[in-house]
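Undergrad: Now that you have both chains on their own, put them together as the hints suggest.
This is what each chain is made of:
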Amino acid sequence: VDLLLMFCDVFQGSFNSEEAENVVKESVLGGDDYSQTHVNKWTAAIVERCLTQLVKLNKPYKYIVTCSVMQKTGAGLHTANSCFWDTSMDGSCTVRWENRTMYCVVSVFAVCIA
Amino acid sequence: MLNCFVSLQTTFIVEEVSKIIKDSVETVIGENSYKHGRVNQWTTSVVEQCLIQLSKLDKPFKFIVNCIIMQKNGAGLQTASTCFWDNNTDGSCTVRWENDTMYVIISVFGLAI
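From first to last, the protein sequence lines are chains A and B. Sequential numbering of the first sequence, starting at 1114, is according to the numbering used here. Sequential numbering of the second sequence, starting at 44, is according to the numbering used here.
No lab work stands behind these hints: they were computed from the structure. Take every hint as true, because none was put in to throw you off.
With a straight-line Cα cutoff of 25 Å, these simulated PhoX-like cross-link-like pairs (lysine-lysine) come out:
#, chain 1, residue 1, chain 2, residue 2
1, A, Lys1172, B, Lys105
2, B, Lys65, B, Lys115
3, B, Lys65, B, Lys105
4, A, Lys1175, B, Lys99
5, B, Lys115, A, Lys1185
6, B, Lys62, B, Lys105
7, A, Lys1185, B, Lys78
8, B, Lys105, A, Lys1175
9, B, Lys102, A, Lys1175
10, A, Lys1154, B, Lys115
11, B, Lys62, B, Lys102
Far from chain A by the CB rule (all over 10 Å, computed), these chain B residues:
#, residue
12, Thr54
13, Glu69
14, Asp101
Positions of the beta carbon are idealized from the N, C-alpha and C atoms, including for glycine.
Here chain B stands alone, though its shape is the one from the complex (with noise of 0.2 Å):
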């Protein structure tokens, strides 16, 4: 019992990263629309508030959020990433939002201490 509780937390649990990541793009941008002049913005504090959350977890980990922001214009994206980690206990996130004129891809690495 006290093995599960210390392997939880020392393990990157998806599902709670993935709701951050869903808080944080919601609360900053919503139903906003792509401005040029705003983006800039909206991935600082996407990222930031991501990031404050993440550290609230209170887990021996070092964290890694990365943002993209796309205006909606038909142009093809695509991303990639690769990790050199341990397997065990290291993990990522990624999550995949959108609104009427932009798509947000934010991701999260984390890596245990």
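Just chain A, with the same shape it has in the complex (with noise of 0.2 Å):
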């Protein structure tokens, strides 16, 4: 029950959400344009900070965070995702973001360990 209290806080509270949404918005994209040449360093700097905040919470979690990153020029683009794990103990949380130029996509991921 102790963990499973744990999960609702991160999950259906407000860090998983708001926090990444803040991690993607103030330090990397904010109002840069969709450049070819920086969007490398900036999906790499978005899992990283995302990860290294869930990993401060120290839960007994293993994360995984993705980023996608994509340039508006109309293209459709869709994503899906399916997961076979603990549905009592596991969760999952997706933040879309865009600007002017660009959709970010960032899905986080958690397993509890035992």
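TA: Printed below as a string of structure tokens:
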């Protein structure tokens, strides 16, 4: 029950959505325009910062953070994910962010250890 | 000998997962052209197929399958992922597939229980 409460805290409470959204917004992308030379650096920085913040929570979870950045040119983009895990303990959160020239989708998956 | 066998059963093997992913995409999408109305169904089917085949491997793993389909029109797309897990037993496999009208990127993450 304790672990379940912690899980609820992290995934239904405010941390994941707001914190992840802030990480994307403030530090890395902000008002920048899509740039092919920088996008590699941006995605790496976003996933790294998210992971660092999650690990700091000190919970018995393994984490996977994925980030996709797409230039806005009118192309269609569709993402889906499916998970085979313990539905009572594990969880995920996806944040979709955009500015004038690009879309950014960040997903966090947390899998309980034992 | 027995130790070898045991560790094969409990480690993430990239080759077999890669084959499962490729087969799933070929089966579900194949030569179809990108269609806004169908792409939802394709992403769902691809991840579902992958997951069914992965669970048939009967390994003590939790799996996460992620699929991205993007229409080819010159847009740039960059994806990244990072993981906090056990390096000895956990692993991931990403397959990039394309046909004439779309790019498909599928990632599978396997975490040992």
